[in-house]
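Protein chains: 2
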Amino acid sequence: MLPRRPLAWPAWLLRGVPGAAGSWGRPVGPLARRGCCSAPGTPEVPLTRERYPVRRLPFSTVSKQDLAAFERIVPGGVVTDPEALQAPNVDWLRTLRGCSKVLLRPRTSEEVSHILRHCHERNLAVNPQGGNTGMVGGSVPVFDEIILSTARMNRVLSFHSVSGKPVPPVGAQESPLVLVEFFLASVCWQVGERASLRPQVLADGTQLFIGSEGTLGVITAVSILCPHKPRAVNVAFLGCPGFAEVLQTFSTCKGMLGEILSAFEFMDAVCMQLVGRHLHLASPVQESPFYVLIETSGSNAGHDAEKLGHFLEHALGSGLVTDGTMATDQRKVKMLWALRERITEALSRDGYVYKYDLSLPVERLYDIVNDLRARLGPHAKHVVGYGHLGDGNLHLNVTAEAFSPSLLGALEPHVYEWTAGQQGSVSAEHGVGFRKRDVLGYSKPPEVLQLMQQLKVLLDPKGILNPYKTLPSQA
Amino acid sequence: MLPRRPLAWPAWLLRGVPGAAGSWGRPVGPLARRGCCSAPGTPEVPLTRERYPVRRLPFSTVSKQDLAAFERIVPGGVVTDPEALQAPNVDWLRTLRGCSKVLLRPRTSEEVSHILRHCHERNLAVNPQGGNTGMVGGSVPVFDEIILSTARMNRVLSFHSVSGKPVPPVGAQESPLVLVEFFLASVCWQVGERASLRPQVLADGTQLFIGSEGTLGVITAVSILCPHKPRAVNVAFLGCPGFAEVLQTFSTCKGMLGEILSAFEFMDAVCMQLVGRHLHLASPVQESPFYVLIETSGSNAGHDAEKLGHFLEHALGSGLVTDGTMATDQRKVKMLWALRERITEALSRDGYVYKYDLSLPVERLYDIVNDLRARLGPHAKHVVGYGHLGDGNLHLNVTAEAFSPSLLGALEPHVYEWTAGQQGSVSAEHGVGFRKRDVLGYSKPPEVLQLMQQLKVLLDPKGILNPYKTLPSQA
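First to last, the sequence lines map onto chains A and B.
Our numbering applies: residue 16 is where the first sequence begins, and numbers increase by one.
Our numbering applies: residue 16 is where the second sequence begins, and numbers increase by one.
Chain A with its partners taken away, still in its complex shape (with noise of 0.2 angstroms):
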């Protein structure tokens, strides 16, 4: 994770998440940002459990009773209107969909706990949701679930100024089987991508719950080391002649650039030519076949420029980076980030997507995109690549006119093998969730995944807890 070391935090964020507080109902914030989503007009997402074979499992339906139970334990917080319930129920890709009925909004970890109690007495599914813009159907119901709301559990606790940290309330250690790994996604998604929140690690079985996806538990409070804000940020953005570059590109400025480096972002040239397309953003530099963003925070202006300038004279000298733009002022650091950013919404518009998010060797990284342009020819619309280099975290889409299930028999499990063969992993930040389930197989061995459903069956006896979703549906 080393080059997108956490940034600081804003100054909202001491304040509460905006975004989060009071916005399930209708995308804002973040999503609106994403430029996706429920645009009038927009064709109706077909139903998950019509379009993906998954089955039911025995779990109980909402009754009257239970209503009037969550009523009590969430006053006011018991959403049953079907208006205000189809966005919850839709994945931010717009692809899946829920048939879910009611959507909690608990305020507390002792609301959460009730909620959850009872569930687990009248064996109710329930699916835990912050900001629903997970990648892999983690967040939206595949059936009825329950959509446990923590939208609302938006709080900074306390702060601590001399640390940094905020802690979580007494109520959170109390209630350790209850925690948001769900909030903890609106946080990171508010703070922006770019942000890597590091958990310290619990020597207590607790860690357990970082990355489990709301399948052991729902998390209610986090503790977040926040450092100070940085006086000055910069972003350079790359024009490079190929890939071997960008990998020295990388080299060069962990050596040169080394603590003030917070980010290392690369793009292929297919990427560039769709974000100009489809979003009209035009490329701030010459014409090339990668792109490469890097953006520096440190504590003194001057001492950063002059790291980034010899960095840059470097680079351009020896033609690692052929042509270049540096922004400081945050409206063109900004415009420079979306051409980055928006690549997912500018692939949306260029036709069906087939998206995977790989953790391969850096070396190896590229590959697998010129060997699927080889493979699938004019089968697929455009191949392209991107990602956070320092993680070894490729984004591999795939775009085509409409979905075929020929030209997905031509990349699966092609295109896991091949990672299974650099011994990737299948998943690199996007997490499992509903979409990546059944071929985690492909980066983790059997045992792994015996041990992740015995920690299941412990945690969540009667499977209550985001069912379908990150364990294998054959486990």
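What the hints contain is simulated information worked out from the structure, not anything from laboratory work.
In this text the structure is predicted, and so the values were computed from the model without any measurement.
Using N, Cα and C, we set each Cβ at its ideal position, and we do this for glycine too.
A portion of the hints provided could be inaccurate.
Claimed, not checked - Computed cross-link-like contacts, DSSO-like style, restricted to lysine-lysine with a CA-CA straight-line distance of at most 30 angstroms:
1) A/LYS269 / A/LYS347
2) B/LYS244 / A/LYS269
3) B/LYS471 / A/LYS477
4) B/LYS79 / B/LYS116
5) A/LYS471 / B/LYS396
6) A/LYS244 / B/LYS244
7) B/LYS244 / B/LYS349
8) B/LYS269 / A/LYS269
9) A/LYS244 / B/LYS269
As the list claims (entries may be wrong) - Residues from chain B that keep clear of chain A, each with C-beta distances beyond 10 angstroms, as calculated:
10) PHE74
11) PRO90
12) GLU125
13) VAL177
14) LEU262
15) VAL454
16) GLN469
As the list claims (entries may be wrong) - To give an idea of the chain A side of the interface with chain B (calculated C-beta under 7 angstroms), a few residues:
17) HIS243
18) SER266
19) GLU274
20) VAL377
21) LEU473
Following the hints, put chain B in place on chain A, whose structure we already have.
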């Protein structure tokens, strides 16, 4: 963990871990450096089973057949020589002693796996051991557990020069329940106590093993992200007039040194007196109530010196700091670090040491030291406080001429109750091991302890892995 960011790994790490290799018999390297252990004429350490109220669980004892089986699994790696077994039976603090009669030295994950399978079948208890530098008795046997040494598992399996990632072998992936926290411990120690490893969290259950102290499995390989070696390292050693000023210096530091701040340590005046008296280390600054050690690590010596200069000017000018010295050359840097790092050794020479490693809100961090001085009066020889301020980690130590049950009664449970009252943790970085297992309840709720117990039963149903450690004995 902010102020102790991972530093660059020294070149030798890439070649293997000296000291770990072949050093299990007689401690060299880290142990020698810490200046403890096995000097000729040192009095014998009492057996743990005679000093503490602990009963051997009904495990089998090692037979000739077992030894023959081990010899087949690890040819040449079975140690039964009583002299060679003396050191690995005694902990680094020389207050605990087991009576193990066998030490095994596997080289591969497969060998570890075969050993554990045999021990499981035969109901033989196992004590995994790495550098044996633990502070809580987690790494030495309590009775006759087989010592499973990871000293020979010291190869760097591969290294990615672009990403800086050494990768574990396929074997390690295939044996998830056989993993090396103790090798990790060795690595950490060899790299230096200031290096904090941030393991990338795996959302698959294997993250359980981090911090499990060998009670759930044996970690046989780790993957570490290696930052570039910093081009410049500076250390400042400062005197502060009070603890409020120590806190303010830390805040100021985080703002002005930001990304280059790699360590922030504090110690009180008594610590300085003790390293002076027992180790003849002279204070480089005027006598002060508190001292602070600040380390910076960066990629540009000029920039770092300028930042540090500005900071020191501000700290001296505003009265936060009353005197200070700075070092850039390696010899003086080491000398300044020794003042902080050798406190433990000075305390050992001062008499019997009651040791506490607490995690507390920084604002209240030193209150417990003042509280204890008033509470204990002349019953204690010295009460000192030092530690890693950025982590809220206080090393609270009380010395006396000899062990005394009445002094222990004045300290415990008072220290733990006080810590619980601050929502602190009774173990910050030393772990739980043998010493702290029965006080875990002061910082973990019963549900968490129960979860730990359930996970133990799930992964180690016979309880053969590092028994008498980490989990409360009454559980």
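For each hint, the structure was consulted:
1. At roughly 24 angstroms between alpha-carbon atoms, A/LYS269 and A/LYS347 fall within 30 angstroms of each other, so this suggested pair holds.
2. For the hint linking B/LYS244 to A/LYS269, the alpha-carbon distance of about 10 angstroms falls within 30 angstroms, and the restraint holds.
3. With a C-alpha separation of about 21 angstroms, the suggested pair B/LYS471 and A/LYS477 falls inside the 30 angstroms cut-off, and the hint holds.
4. Only pairs whose Cα atoms come within 30 angstroms are accepted, and B/LYS79 paired with B/LYS116 is accepted, the gap being roughly 12 angstroms.
5. A hinted pair counts as satisfied when its Cα atoms are at most 30 angstroms apart, and A/LYS471 with B/LYS396 does not qualify at roughly 52 angstroms.
6. Proximity of A/LYS244 to B/LYS244 is assessed by CA-CA distance (about 25 angstroms); at most 30 angstroms being required, the pair is judged to hold.
7. For the given pair, B/LYS244 sits about 17 angstroms from B/LYS349 by alpha-carbon distance, which is consistent with the 30 angstroms threshold.
8. Proposed proximity of B/LYS269 and A/LYS269 is supported: the alpha carbons are some 22 angstroms apart, at most 30 angstroms.
9. Restraint check for A/LYS244 and B/LYS269: the C-alpha separation of about 10 angstroms stays at or below 30 angstroms, so the hint holds.
10. With a least beta-carbon separation of about 24 angstroms from chain A, B/PHE74 lies farther than 10 angstroms from that chain, consistent with its non-interface assignment.
11. Separation of B/PRO90 from chain A is adequate, the least Cβ-Cβ distance of about 27 angstroms exceeding the 10 angstroms criterion.
12. The non-interface label for B/GLU125 is consistent with chain A: the shortest C-beta to C-beta separation is roughly 14 angstroms, beyond 10 angstroms.
13. For B/VAL177, the requirement that its beta carbon stay farther than 10 angstroms from each beta carbon of chain A is not met, with the minimum near 5 angstroms.
14. Look at B/LEU262: its CB is around 5 angstroms from the nearest CB on chain A, not clear of 10 angstroms, so calling it non-interface is violated.
15. The beta carbon of B/VAL454 is kept farther than 10 angstroms from every beta carbon of chain A, the shortest such distance being approximately 13 angstroms.
16. Here B/GLN469 does not stay apart from chain A, with its beta-carbon only about 6 angstroms from theirs, under the 10 angstroms limit.
17. Given the 7 angstroms rule on beta carbons, the hint for A/HIS243 holds: about 5 angstroms separates it from the nearest Cβ of chain B.
18. For the restraint placing A/SER266 at the interface with chain B, the shortest Cβ-Cβ distance is roughly 6 angstroms, inside the 7 angstroms limit, so the hint holds.
19. A cut of 7 angstroms between beta carbons decides the hint on A/GLU274: the least distance to chain B is about 4 angstroms, and the hint holds.
20. Checking A/VAL377 against chain B by beta carbon gives a least distance of about 5 angstroms; that is within 7 angstroms, so the hint holds.
21. This hint holds: A/LEU473 has a C-beta 6 angstroms from the nearest C-beta of chain B, less than the 7 angstroms allowed.
Violation of the numbered hints given earlier is confined to hints 5, 13, 14 and 16; the remaining hints are satisfied by the structure.
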